[in-house]
Amino acid sequence: KAGVTQTPRYLIKTRGQQVTLSCSPISGHRSVSWYQQTPGQGLQFLFEYFSETQRNKGNFPGRFSGRQFSNSRSEMNVSTLELGDSALYLCASSSGTSGGGETQYFGPGTRLLVL
Amino acid sequence: QQQVKQSPQSLIVQKGGISIINCAYENTAFDYFPWYQQFPGKGPALLIAIRPDVSEKKEGRFTISFNKSAKQFSLHIMDSQPGDSATYFCAADSGYQLIWGAGTKLIIKP
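Just so you know, the protein sequences line up as chains A and B, in that order.
So the first sequence is numbered by this note's numbering: it starts at 632 and just counts up by one.
So the second sequence is numbered by this note's numbering: it starts at 785 and just counts up by one.
Pulled out of the complex, with its shape left as it was, chain B reads as follows (with noise of 0.2 Å):
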């Protein structure tokens, strides 16, 4: 019930295309779904976040789809960019703590 399930696993997208990484969880008790960037050599860095309350969250070219009844949320990189290319986690906060997806490798292709 403490898993947040995240596919893919890695993404190659061209440049200039959508990239889609999808997130699932159980526990109705989360309540705060954020996504983290990580470059590598780097710590992980907050990219944008989302509440149950609402749907869908855009920050420029990023955007959370949040589907509560299902139980998943997406992220949306709309217009790829190669210095887009990273590793995507997202997060599930109960309160208490975060619970990890595994991430997700993006490769955006020039």
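Only chain A is shown next, with the shape it has when bound in the complex (with noise of 0.2 Å):
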């Protein structure tokens, strides 16, 4: 089974300008989460998507949102970059449907740099 793939892998970006990240889970899976990831701070959720419905959020300001389609590809906008945005931004599928305790396995990320 193909892994999880993220594009673009790297991205420079300069403050407000808006991105979109992709995220491609493994076959048969409906679940995908995504995370920023930061040195010191840890992976830090973002939001699931299910059967192209947000089901869980995470803190984060609405600058951030996503979206899932039918095939369960999902895509993460930012709009109005800041340079805190500056991160490692990973993408993690799994089934979905176990209601907690399910393996989540990871994207390699895509890295966001903000100028």
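Bear in mind the hints are in silico, worked out from the structure with no lab data behind them.
Values in this document were obtained by computation on a predicted structure and should not be read as measured data.
For every residue, glycine included, the Cβ atom is placed at its ideal position computed from N, Cα and C.
Certain hints may be false.
As the list claims (entries may be wrong) - Derived pair list, reagent style BS3-like, types lysine-lysine, alpha-carbon separation capped at 30 Å:
1. A:688 / B:852
2. B:842 / B:852
3. A:688 / B:855
Said to hold, decoys possible - Quick list of the computed label-pair ranges, beta carbon to beta carbon:
4. B:889 / A:685: 42 to 48 Å
5. A:641 / B:878: 48 to 54 Å
6. B:835 / A:644: 19 to 25 Å
7. A:708 / B:836: 36 to 42 Å
8. A:672 / B:835: 24 to 30 Å
9. B:851 / A:732: 17 to 23 Å
10. B:837 / A:643: 25 to 31 Å
11. A:649 / B:854: 44 to 50 Å
12. A:690 / B:801: 35 to 41 Å
13. B:825 / A:651: 19 to 25 Å
Said to hold, decoys possible - Sample of chain A residues at the chain B side, in silico, Cβ under 8 Å:
14. 672
15. 673
16. 711
17. 715
18. 739
If you follow the hints, you should be able to join the two separate chains into one complex; please do so.
Here it is as structure tokens:
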């Protein structure tokens, strides 16, 4: 089975711009979660999508949004970029049907640098 | 109540030694505790996990010890090898989402 893929792998943007990141989950997985990883902060949960619906949401401002398509692929959008948005953005997929206790399979991440 | 506190932030261990990473939680609703391992340039990958109905789980050189009354759990890496050098994250699952520790950067010195 192919793993979780994320595109692009690296991205440089300037303040005020917007960015869209893409994630393709493992075939058959219906849950996609997004995380922001920064040094010293660990993984901060952004949101989770399951069957095209946002099922859970972390404590991030409304500038961070996402969506999921019928093929389970997901996109994450950040509008009005700030310097503090520079981070590694990770996507993880799981079947999403167990109500917890599932292994999350991570992609390699998209490294975003905001100048 | 949703926090998972992980320590130490970084750890250096000699090859062949025992690496120990600790985590503590507050929310008794958590019912699944995984450890993930992350190498540079890669996403985290599940290493080992435990549920609160057992006090210990061992897989090869990796062992989770779980103390339900103290709300603490730890990862022990026996006979640590240079290939174990990575960042380790503990997490707690409430059934809705994973709450992550801040991570421990482990370096195994040859």
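Now for the hints, and whether the structure bears them out:
no., hint, verdict
1, A:688 / B:852, "holds, 28 Å"
2, B:842 / B:852, "holds, 17 Å"
3, A:688 / B:855, "holds, 25 Å"
4, B:889 / A:685: 42 to 48 Å, "violated, 32 Å"
5, A:641 / B:878: 48 to 54 Å, "violated, 33 Å"
6, B:835 / A:644: 19 to 25 Å, "violated, 42 Å"
7, A:708 / B:836: 36 to 42 Å, "holds, 38 Å"
8, A:672 / B:835: 24 to 30 Å, "holds, 27 Å"
9, B:851 / A:732: 17 to 23 Å, "holds, 20 Å"
10, B:837 / A:643: 25 to 31 Å, "violated, 48 Å"
11, A:649 / B:854: 44 to 50 Å, "holds, 46 Å"
12, A:690 / B:801: 35 to 41 Å, "holds, 38 Å"
13, B:825 / A:651: 19 to 25 Å, "holds, 22 Å"
14, 672, "holds, 7 Å"
15, 673, "holds, 4 Å"
16, 711, "violated, 26 Å"
17, 715, "violated, 17 Å"
18, 739, "holds, 5 Å"
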